[in-house]
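Engineer: The chain contents come next:
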Amino acid sequence: MLMAAASEPEAANPEVVRLVALARTGDRSAFGRLIEDHLGAARRVALAALGQPMDADEAVQDASIAAWTRLGTLQDPAAFRGWYMRIVWRKAIDRRRSMRSWFDRFGASSADDRPMELPAADPAPDTQLMSRELALAIAQLVRALPRKLRDPFLLAAYGDHRYEEIALLLDIPVGTVKWRISEARKMSRAKLDRLGHGDPR
Amino acid sequence: MNTNRDLLDDAIDQVASRMTRVDDDAAMAARIVAALPERVSWFGWMVHAWVPRLAMIAMVATASLLWARREAPIDPAPAPVPPIAAAAPVTPVTAPMPLAAENAALNRTTPLEPLEPLEPMEPARADFERSLVAVAALGPLDVESLIPDVLPAEASIAIAPLALTDLPLSAEFPVERD
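For the record, the sequence lines run as chains L and F.
Under numbering that gives the first Met the number 0, residues 0 to 200 are what the first sequence spells out, in order.
Under numbering that gives the first Met the number 0, residues 0 to 177 are what the second sequence spells out, in order.
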């Protein structure tokens, strides 16, 4: 089961509002604390789009600088998280497009075709049940999904974002987000069945 | 079957979650803060963002205005007057007219004042006193003075005899070449 968060609206955090107000006056340390609180989610958003941790970190850095320079345009300080995540996602998508066009121009494999770096196996008991071979097969299948299905699927995978936030990031309705996630899982499962991985144990 | 399917779904979700897992990087926030550029105020940002655009718009608007209000090209400047001619006293032939008024008169396409309708000319009211003087009647030709019998006899015509010589053949003439 994917770990997308529940759909309750995010409550205004007075600390975030205070830090945004300080950062608007030019307080770098306040902006650093704002970034630090959301850095993990931002890096995962960028990683979902780019697939490579180094590229994702560069996109997050670009997005953070853009957020710093545009902080005056943020109308609701309490909505800093969603605003920052949208900037991160846009920067990651821009980077993905530019990488794809560069690879297309010079004939190398595109970013989507590069081998995925799968983190080491989780020591958790449920993860130990899955073989390394099956994990790699699933990872390759997910990477091979169409981007329209893969993006919401990976954004929802870690549970950082609600479906509404994913819908805002992708600029699509919430129902479409849910359908695409379900479709991505269904397509991956069907391919695994054809590859003979019907039983994951 | 359902158990296998659920396990497969769980496996897919676990792998997807691991695909978006990032290692902790405590120094990343510090690196980002160190790389932040100097912050400009909102007014400064507006100025930096809009001044080039406003300048471009102003240039285009000015060029359009000048183009719309352009005048016909003025006659080229007269040739420089030689010193001798310049030193000579100049007597104005006509009354001096300001250049602008002169150009306006040249370029005028509509009358400055509404034209008064012309009065129809009536033949009965023609002003014969100020018209051309009537041509006098021609005198009769004296045809009798031209009759041959009347001509004086002493004024006979003498024709000298023609002297014909042998003409050379055309082939003997030298041909002139260009």
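Check before you lean on any hint, since a few could be wrong.
[As the list claims (entries may be wrong)] EDC-like, lysine to aspartate or glutamate: derived pairs with alpha carbons at most 16 Å apart:
#1 L:Lys-185 / F:Asp-5
#2 L:Lys-185 / F:Asp-8
#3 L:Lys-147 / L:Asp-170
In short, the hints are calculated from the structure, not lab data.
Engineer: Would you mind marking each hint as holding or not holding in the structure?
Structural biologist: Hint by hint, here is what the structure shows:
no.: 1; hint: L:Lys-185 / F:Asp-5; in the structure: holds, 11 Å
no.: 2; hint: L:Lys-185 / F:Asp-8; in the structure: holds, 9 Å
no.: 3; hint: L:Lys-147 / L:Asp-170; in the structure: holds, 12 Å
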